[in-house]
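A.B. asks: Just need the whole structure built from these sequences, with the hints factored in.
Heads up: the sequence shown at position 140 corresponds to 140 in the UniProt record's numbering, and the numbers run straight through without jumps.
Read the hints as simulated data drawn from the structure, not as lab findings. We put the CB at the ideal spot given by N, CA and C, even for glycine.
Below, in silico cross-link-like pairs of lysine-lysine (DSBU-like), each with a Cα-Cα straight-line distance of 30 Å or less: (1) Lys353 <-> Lys82; (2) Lys86 <-> Lys101; (3) Lys217 <-> Lys176; (4) Lys301 <-> Lys172; (5) Lys356 <-> Lys378; (6) Lys301 <-> Lys86; (7) Lys353 <-> Lys374; (8) Lys172 <-> Lys82; (9) Lys301 <-> Lys176; (10) Lys378 <-> Lys353; (11) Lys82 <-> Lys301; (12) Lys217 <-> Lys82; (13) Lys172 <-> Lys221; (14) Lys357 <-> Lys378; (15) Lys176 <-> Lys86; (16) Lys172 <-> Lys217; (17) Lys217 <-> Lys86; (18) Lys374 <-> Lys357; (19) Lys176 <-> Lys82; (20) Lys82 <-> Lys101; (21) Lys356 <-> Lys374.
Pair ranges (Cβ atoms, derived): (22) Asp119 <-> Phe367: 32 to 40 Å; (23) Ser151 <-> Ser322: 54 to 62 Å; (24) Gly358 <-> Asp119: 35 to 43 Å.
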Amino acid sequence: MKISHFFFKTTHLNSRLINLIFIFSSLGLILYLLLSSFSILPNPRILLLADDRFSSPTSLDHVVFGIASNARSWPQRKEYVKMWWKPDQMRGCAFLDVPLKNDTVSSDASLLPPVCISDDTSRFRYTWRGGLRSAIRVARVVSETVALNHSNVRWFVFGDDDTVFFPENLVKTLSKYDHELMYFIGSNSESFVQNRFFSFSMAFGGAGFAISYPLAKTLAKVLDSCLERYPHLYGSDGRISSCLAELGVGITREPDGYDWKPVWTISSASNDTVGISPHTDYMDPIFPNMTNRDAMRHLYKAAELDPHRILQQTVCYDRWFSWTISVSWGYAIEVFGNHVLLPDVLRVPATFKPWKKGNLLNTLFSFDMREHNKDPCKRPLCRRLDDNVVMYCLHQDTKSWKSGLGNARKMN
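C.D. replies: Pasting the structure below:
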């Protein structure tokens, strides 16, 4: 009897103890889950900043420019940079090999990017026979621009001192891409031989190229060691492309940057033209009776009015006169005396010559061409407008044509 009572009391105590343990365990678990949920929730202020970081549209404030130049060419070519540089909105540097002499320091410095002096590159090997070892210095403009340590950067854009950018179009193009990812954006040369000789996967630096912030930071860390492996390459753009290839990043082609290795007209651009490298020291002015600098300034007058359509080709058909009208906004207008099929009009008119002569391959280009008709009566009539929307067509024939363009010649 006593033994049974003892077991009953023990069992009763054990049951109460188990219940208490279960209750406290449940309360502890609930408390833990509540605290964990609060710790997982982000700080509202941090969340707001993060949303702003990703949702705010890309602007010039998010872009840093690295311009490759030298003390000899900068006093002249800075005039091209001045056309597109916006001192109040843009950040970056023009990198020279040596400091400017006192007599070349101008009073227009406030209208230009600051001048930076590149580091010494004599420790790097350069073995391309007959080439310029300055290619190493120009390649290091990438890492030196990153080292400027600007804040709130999404893109780094690089070009030469004769590369002219259309800033609004540049920003619009970069906005298509996620700046948090690894992007190397540029374009090939129009010359088939240049692409074949150097690389079809290389962004030619003359027309400029862009590198996203995370990729630029990564490249800057390894660029010097990478340059040691490529002493045999010719130029800076080949070195950059090779080092990016080692990081597993290839070129994302943006066809709206133009590297004018052929000396040509610009009457067949597509979409938003981002940047062009006119190599103005080696070509005729794109507008008549002007210097190269004045001609480019003239083009920028139209770009200021309508930047997103500058150099874009628009084709119209007139039913009454059976005309075909091709307009390159801000530059040239062609009027054909008959209806021409659209694919034929969209071909680039061959009003240019190869960069190099003496080889048939030099006449091959990576776009569709429309040969210049030897019969002036079968050529399109070219007209130019004045003032803000200036248009001109090279090789305009002033003879009295016998084609059906009599009324077109009366256009003002």
